[in-house]
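Read off the chains here:
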Amino acid sequence: MDTPVLEVKALKKRYGSLEVLKGIDMSVSACERIVVMGSSGSGKSSFIRCLNGLEKTDEGTIHFLGDSIESLGESSWRRVRQKMGMVFQNYSLFPHFNVLKNLMFAPIRERVMSASEAERKALGWLDRVGLRDKAQAYPAQLSGGQQQRVAIVRSMMMQPDVMLFDEPTSALDPETVGEVLSIIDDLTADGLTSIVVTHEMGFARRCADRIVFMDEGRIIEDCPPEQFFTAPATDRARRFISSHK
Amino acid sequence: MNIQLIYANAGFFTKAALLTLAMFAASVALATLIAVIFGGLATIKNSAVRTAFRIVIEFLRDVPLIVNVFFVFFGAPIFGLQLGPIEATVVSLALWGGANGAEIVRGGINAVSAHQIESARALGLSRLCVFAFIVVPQAVRPIIPAYAGLCTVLLQSTSLGALVGAPELLKSAQIIIERAAYFQGGMPGMTVYTFILVLYFAAGSTLTRLTRSLERRLNRSTQPS
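First to last, the protein sequences are chains W and H. Converting from the first sequence to my numbering requires adding 35 to each position, the first position being numbered 1. Converting from the second sequence to my numbering requires adding 108 to each position, the first position being numbered 1.
Careful: at least some of the hints might be erroneous.
[As the list claims (entries may be wrong)] Coverage of chain W stretches by chain H, computed from C-beta distances (three or more under 8 Å per stretch; other residues unrestricted):
1) 105 to 113
2) 137 to 151
3) 188 to 197
Rather than coming from a laboratory, the hints here were simulated on the basis of the structure. Note that the coordinates shown come from a computational prediction; the quantities given were computed from them, not determined experimentally. For every residue, glycine included, the Cβ atom is placed at its ideal position computed from N, Cα and C.
Here chain H stands alone, though its shape is the one from the complex (with noise of 0.2 Å):
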């Protein structure tokens, strides 16, 4: 093991995790932003808006990943958008991610009791209001383990970024091995797959250990004591 070759990278490493952390947070913002909006339609009664949104999800849910990303980068200038590497990535996990949060959200809100919503209309609120404030707060908490999962493939799906040139962690991991085996020679893959395998476990195990504690943090707030 080279550990030399990590510290003397640090900086280069530093920026491509905030690069791959910033990418996934916006993945994740659009992606919810995408769930909710989508999700919720696919329940409303309306059955021409709902068939509507329901084909649209299940056409981004059945496309691998990998070819959204490629679609989203070389046909974006289809589309009069100029996308770069990056920006192409993130708006395809949203897509993604997305489509595959709206079927949990879609879940999530189906298991709210009609009791709950049938109380609320008739106290006068609006639908809009039920829905924001009634039904969307009691659905959150049953979908938190099926949404954590989702965050997490998006997290490791950031690194599909490297295939059309995103400087993600993934990136830049293959451009440092690439320096070192020019310059310097030897087998560095090993150490800097090692440590980069080592950052994103920490990354994922990190966002498992934020999900259990905002489980528990829910759970205590609203159950028997």
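Chain W with its partners taken away, still in its complex shape (with noise of 0.2 Å):
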């Protein structure tokens, strides 16, 4: 068995008096692709920003690629964050650089890259997104859609280990959120370990390798997507799932 490339265990997060997790076990393997599902407030966001550090933990273990890195310092976390790319829901591209430069700002200063080889790598990502043509634009000049492809390869330009997605589509007009999954399945149909959290219930199914659904600051099911959608173990599930047909 290898390494898994995340394991998280008895992951324990607090907001004062407020418990968001109440023990998080979870493992993931290299190449798997996991949908986290759960209605709002269920954790799953707090979740996913604990893995990457942006959330600080109370209590629990996060190994990545057999590291504990739960409680780093700043500096130890931006090592860790470089290999584990992170895209949000409002793409936050840099309003101050055009589409190449927010492309190629953070491997040339992280050193990850060359100038010259962040150049070809970052015309290589828009060609596979269907953006060559706006390389010198500027985010304000894009669509919604447009600027979550960018702020998706944007992440993949650090070569990143883990993905993860944090409602990449929620703030997308409903005819851009097909363009910006399909660039999902593909890259991670590459082998691209992924955890995405999203309310895209045909996404989940056709994409996932595992449906992880959260409730209460709790992992209720963790299974396939064919076993989730058709037998899925608890009623707050068979809830969820028939609210969002």
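With the hints as a guide, dock the two chains, each given alone in a separate frame, to form the complex.
Here it is, written out as structure tokens:
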């Protein structure tokens, strides 16, 4: 058995007296595609934000490629984050950089690659997501779907081992959701380990290896999509599925 | 009006005007340095550091500028410093401008969306790098009007140097008026003060025009065409 890419044990997280994660256990193997579902307030966003240190955890352990990371200092977190890309709901491209600079800034700054290599890779990525002609455009000139595609490849430029997606399509028009999901599908089909928080049932069913269903700060289902959608073990999951049909 | 008086002292006025500009440039440069450092530190999470910097900022903002000038000029020797009138004026303008600028910078930084900082950190960038390359450039545009207003006040306030004897524009004007009144008689005050009023106005309005064009340029480079 290989070392899991991510291994989370008894993870707890509190905001003041409110406990949002009440003991999460989860293991992610290389190349696995995991979809995390759950209604709002179930703790799914807090959970994946704990994985790359954007939120501090209170108890439990997180191992990334075998190393314990839950209590690292900020400068060691930086090394982890470079290997663990994250895409947010609100794209958050840097508005004062054009598309090409958005892609090239971090890898050059963090010496992941040379400037010429970064440019070559960036243009390659833009080709792959159909935005080669937007290399010189500024984020404000792009649609939401285009911005999110750029945000995804911006993370990919760091050559991460794992990609985290926190509701990547929630802020998009219904028509552009598909283009973003198909890119996530395309990237992760290549063997990129991924954790996607989403409400998109079709995507979850089609692309996930495992569905992790959260409720009130706990994982209450963790199974292949077929099983999750046809024979969920809990009432809570059954209600969630029927309300999202 | 005795225009001849202005011509006769053209060299003297030029030197004084250049000194005013130099004092202005130095005050703005130092004030900006202080504003960015203090304003930045006033936004960090550590509450002890933040409070300490807020207190310093608040203190400097609450003291009248002229009192500040006198305090620096007469008080510097207590701290083992020998500051001439020019240096003392520049230092106090820089402190006062820096404190007011820090408040403006703090507002601009807080206006940058937390998502921007988060997504930059998620790429593995250091806090300093995020601050310098992601936050500051985005904070600049919204603070330009307020910051330009502060610069205009600093330009005008270089005239406070006259009260401690810095030979800037206002002081030089007073010297010429006294000299002319003594040697030639008459009322040279009207002419000379009108002349420096025009100079201050020209400098101030140039500053305003430069600000406008800077704003337009920044808007052009990042807005949808």
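Checked hints:
no. : hint       : in the structure
1   : 105 to 113 : holds (count 3)
2   : 137 to 151 : holds (count 4)
3   : 188 to 197 : holds (count 3)
Of the hints listed earlier, there is not a single one the structure fails to meet.
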